[in-house]
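Q: If you're matching them up, the sequences are chains A and B in order.
If you count the first sequence from 1, you need to add 23 to reach my numbering.
If you count the second sequence from 1, you need to add 23 to reach my numbering.
In case anyone wonders, no lab produced these hints; they're calculated from the structure.
Backbone N, C-alpha and C define an ideal beta-carbon position, used for all residues, glycine too.
Some clues are possibly wrong.
Covered stretches of chain A (in silico footprint by chain B; criterion: 3 or more residues with CB under 8 angstroms from a CB of chain B, positions within the stretch not fixed) [what the hints assert, rightly or not]:
no. : segment
1   : 238-245
2   : 275-283
3   : 296-306
4   : 310-324
The calculated lysine-lysine pairs, modelled on DSS-like cross-linking and capped at a C-alpha distance of 27 angstroms, are [as the list claims (entries may be wrong)]:
no. : chain 1 : residue 1 : chain 2 : residue 2
5   : B       : 135       : B       : 177
6   : B       : 194       : A       : 360
7   : B       : 360       : A       : 177
8   : A       : 135       : A       : 177
9   : B       : 360       : A       : 194
10  : A       : 194       : A       : 236
11  : A       : 221       : A       : 206
12  : A       : 206       : A       : 194
13  : B       : 236       : B       : 221
14  : A       : 96        : A       : 84
15  : B       : 221       : B       : 177
16  : B       : 177       : A       : 360
Chain A residues, not near chain B, derived (Cβ > 12 angstroms throughout) [unchecked claim]:
no. : residue
17  : 78
18  : 177
19  : 475
Protein chains: 2
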Amino acid sequence: MIRLAITSALALALAAPAQADTLIDNVDGMTLDATGGVDRFTGLLVGDDGRIVQVLRRGDKRPGKVDYFVDGKGQFLMPGLIDSHGHVMGIGFGALTLDLSETTSLAQAQAKIAAYAAAHPDRPWILGRGWNQELWGLGRFPTAAELDAVVGDKPVWLTRVDGHAGWANSKALAAAGITALTKDPAGGKIERVATGGKPTGVLVDAAMDLVEKFVPTPRPEDRDLALATAQDLLLARGVTAMADMGTTIEDWQAYRRAGDNGTLRLRIMAYAGGTEAMELIGGPGPSPWLYDDKLRLNGVKLYVDGALGSRGASLKAPYADAPHTRGLRITSDTQLKNLMSRAALDRFQLAIHAIGDEANAGVLAAIEDMSATYTGDRRWRIEHAQIVDPADFARFGRHGIIASMQPVHQTSDRLMAEARLGPQRLTGGYAWKSLATTGAKLAFGSDAPVELPDPFAGLAAAITRQGPDGQPFGGWQPQERLTREEALAAYTMNGAYAGFAEGRFGRLVRGERADFLLVDRDPLLATPSDLRATQVRQVWINGRLAWDAATAKR
Amino acid sequence: MIRLAITSALALALAAPAQADTLIDNVDGMTLDATGGVDRFTGLLVGDDGRIVQVLRRGDKRPGKVDYFVDGKGQFLMPGLIDSHGHVMGIGFGALTLDLSETTSLAQAQAKIAAYAAAHPDRPWILGRGWNQELWGLGRFPTAAELDAVVGDKPVWLTRVDGHAGWANSKALAAAGITALTKDPAGGKIERVATGGKPTGVLVDAAMDLVEKFVPTPRPEDRDLALATAQDLLLARGVTAMADMGTTIEDWQAYRRAGDNGTLRLRIMAYAGGTEAMELIGGPGPSPWLYDDKLRLNGVKLYVDGALGSRGASLKAPYADAPHTRGLRITSDTQLKNLMSRAALDRFQLAIHAIGDEANAGVLAAIEDMSATYTGDRRWRIEHAQIVDPADFARFGRHGIIASMQPVHQTSDRLMAEARLGPQRLTGGYAWKSLATTGAKLAFGSDAPVELPDPFAGLAAAITRQGPDGQPFGGWQPQERLTREEALAAYTMNGAYAGFAEGRFGRLVRGERADFLLVDRDPLLATPSDLRATQVRQVWINGRLAWDAATAKR
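Bound conformation, chain A alone:
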């Protein structure tokens, strides 16, 4: 960023309309227009408030004097990407937790644990995940003593790769009061030495709770660090705004702290985790847009069913690979309508998790039922809308429903989905194009940290229905592929619309916030594999440099 000249106070007063402008010029710029078509430009003039004053094309006269001038050197400039479904704090905490999944021996794991503990001396507990004694060739579970040898002064608690066992050191066992006298809980097992029953350090399934209830909740400092970490990770992948699904009051307070002290860079559209958090965070309705449109509580996240992989998704017909079950509802129709009413009455937006076709039909029916009472611009969001009965497609096009979907889930899940659903129901799976065609607004996200928060991977999946390996040939259910422009809209302007943010950000047009990326290639022209490899060089949010590859911690 080059500071060209600071004009005098007098000149500033005369130079209507803007007072401290930034000109980003000499770029290969692109945005979508109001109808989703591509608009190309070569410069952006941004005002002191971070809003775009003028979009400049080749040949347009440049302002004579500006306060800041940035030479884009011909780089490609595109709108900041909006992830419409993620978990901001989960991304941060996930990144901060010790990850042992790449270790290939106990000694290597021990070294990594020791280094991590040394690097984080102020952590009251050392927490981690991902170990697998099979990969270590150990032939047995590891022991508390093997942990004590590297961290003996504070509790250590590390969960196995499958999440079904935990490995504690002696301090953690002591904190939990686990001794030879402790009985195995129902559904769980305390691994013990052959004689005397002394615990070895590994606790299986329900026995893990014996320790986990003593793991301290994160401190505010930890939350602030998680937020800073999540922001870095998201900006590095070009995400400038995220719909945060399941915001707690603790999360919200961390967002406000960052807003108050000027370290909130990412835009966060928050959906509270349940109606109690909604009321505590928002009060009598959605919050205002805070901190130059960086933060707003839009509404509430509700759950109707579980996930497909664990057969918790609620299906109309039995699972193909488990004919005794159709999954289950977390929330009944009556409960759902009660919760929806409570939120809609105060004009909170509803974002409702529905994976299975029965769950989606249930949400559609609830929306149809409530739309007569709760009129106006509601933008009912169905989160995931993963498996939909084709007979229900058309219902998505009514009442202004938003299909908030995650392209990478399709490529990650497809073999599992084929097993769960059998061949007959696949046409209703991840049916982006079909739902969009009905008139539903399609907003794309990652569900990070469940998946990596990488919108370029999402864009590639969206236009190919293929994974990073190019499989399957021709794409999975390829009739659901989108055009590049449709996919980009789902990651930009539609994401803004889905969060009541259109006109504020999502497109690079006069009056919107200047949120843009400088990247090393044109995503509208790159091959799918090149698109996945897009490198983000700089991220600008609200007209200010928010992340720079040249200086970022990696």
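Based on these hints, arrange chain B on the given structure of chain A.
A: Below, chain B alone, put in the same frame as chain A:
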């Protein structure tokens, strides 16, 4: 407020240093100087940011052009008053609750209840207090049927004047599931008809809980209304800032909503109700000053003992009127130090409730113990410091302790205090002058809604040690009287200091926020009874008119 002229953008740019000034001129102005002496002036020039640009004296040249000009017409202008101990939301909720204490017959009470219910159709429950069947000449408790006759469509719950009984209508009894089959709880009694055991509607002592656990918690709208009401009540008495003792997360969210939407007029220095609320509200430390210094979480309120009236205050020697008890500690020395450490470690300010001489000695010992570890500018606050052993007076002068005291408690409590303490211990009661003389900083407040939030009554009590009736002749323990200047300092600059706000507000000097009152008399010259009758005409906060007697709802 008269708008004289809007200067042009060009003239604005040239008219250094301020851009949108307000001149309040032709006033009989007064503030305290840095040493607590009186400084008189005739005009204030206030910048666009609400800070004082210049204090103008007779003969000082006035600026040639200002954006707003206010002619004070010779009125008396004084600093806004700081109430260093109150409960903002309690003041608002208290004012919003139906008050039956003035009713003299059942019929009059019924009429008042009916009118209140009609005036508040959106309240899910009708709540009130203050009834007394003795004053009504009823010779019995009132009945549910007598309430049903005036409010039958929603629950009504009214507590007796002494707080030891509640009167429910049939809807409230039904909501609580109370029938003839319900047994009396331990320590409580359900009033019943002679035959059949049907509840009459009145519940005594512990039986009140049967209903109270079903009384809905306030909705965010209710909290917002309570805050608006409290602000009106406080501003009307000249209070421009309050230390809010025992802030909950719900309170804080209401304050932030008001700050976010521009309706926060009062300055609030918040002390969280306990360390959990402290951490949730403040995070890793005190919040920043928010909304132009209108809101900050300074620290945490802790309790060491109870109150003198109920013999909950912890005394060194037995109560004079109950020799079997010395009162009791709510928090032990060890607990207190643990809680203080947790707060002080993260630089939260401590505000510790201590009424009895034993409790005050305990807090002093804890502060002395911690001062070696938690060094620097801590401003340990002792709230009330009501009864202090004269042997402990000098300890208040060390470690920067603040004695946060409430003058009106002295006049309200004196007969009760004499009964509880006997004649020997009165020299340590409400010992403002003695504590200030040791070097402790004296900050005055009201404890509203326990007392009325009226600083003029407090000023009069502070300089007389007499009640509004002029009793006792010569003043109670008159050696503790303060000068007017000392009392005013305790309601202004010392209150700011006690909240880490010195330099921001509390005095009318260049660089501080322009928080001032226009009043109808000079509190430094009025007789004590005239001082109590001071009428506040206008309240200006941050250089803007915040309350005006001419237009205020009464």
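Q: For each hint, tell me whether it holds in the structure or not.
A: Hints and how they fare:
Given a C-beta distance limit of less than 8 angstroms, the hint that chain B covers the segment 238-245 of chain A holds, as 3 residues qualify and 3 suffice. A stretch counts as covered by a chain when three or more of its residues have a beta carbon under 8 angstroms from one of that chain; for the segment 275-283 of chain A and chain B the count is 5, and the coverage holds. Closer than 8 angstroms: that is the beta-carbon criterion, and the segment 296-306 of chain A has 5 residues meeting it against chain B, so the requirement of 3 holds. Note: the segment 310-324 of chain A has 3 residues with beta-carbon separation from chain B under 8 angstroms; the three-residue rule is met and the coverage holds.
Restraint check for residue 135(B) and residue 177(B): satisfied, since their Cα atoms lie roughly 16 angstroms apart, inside the 27 angstroms limit. At roughly 26 angstroms between alpha-carbon atoms, residue 194(B) and residue 360(A) fall within 27 angstroms of each other, so this suggested pair holds. Between residue 360(B) and residue 177(A) the CA atoms are separated by roughly 24 angstroms; this keeps the pair inside 27 angstroms, and the hint holds. Between residue 135(A) and residue 177(A) the CA atoms are separated by roughly 16 angstroms; this keeps the pair inside 27 angstroms, and the hint holds.
Among the hinted pairs, residue 360(B) with residue 194(A) is consistent with the structure: their alpha-carbon atoms are about 26 angstroms apart, no more than 27 angstroms. Using a Cα cut-off of 27 angstroms, the hinted pair residue 194(A) and residue 236(A) holds, with the two alpha carbons roughly 14 angstroms apart. For a cut-off of 27 angstroms, the pair hint linking residue 221(A) to residue 206(A) stands: about 11 angstroms separates their Cα positions. Annotation: proposed proximity of residue 206(A) to residue 194(A) holds, straight-line Cα distance about 19 angstroms (limit 27 angstroms).
Distance restraint check for residue 236(B) and residue 221(B): the Cα-Cα separation of roughly 21 angstroms lies within the 27 angstroms cut-off, and the hinted pair is therefore satisfied. Under the criterion of a C-alpha separation no larger than 27 angstroms, the hint pairing residue 96(A) with residue 84(A) is consistent with the structure, at around 18 angstroms. Our distance criterion of 27 angstroms between C-alpha atoms is met by residue 221(B) and residue 177(B), whose separation comes to about 20 angstroms. For a cut-off of 27 angstroms, the pair hint linking residue 177(B) to residue 360(A) stands: about 24 angstroms separates their Cα positions.
A cut-off of 12 angstroms between C-beta atoms confirms that residue 78(A) is not in contact with chain B; the least separation is 26 angstroms. Here residue 177(A) stays apart from chain B, with its beta-carbon at least about 18 angstroms from theirs, past the 12 angstroms limit. The claim that residue 475(A) lies off the interface holds: its Cβ sits roughly 29 angstroms from the closest Cβ of chain B, which is beyond the 12 angstroms cut-off.
Figure legend: structure checked against the earlier numbered hints; every hint is met.
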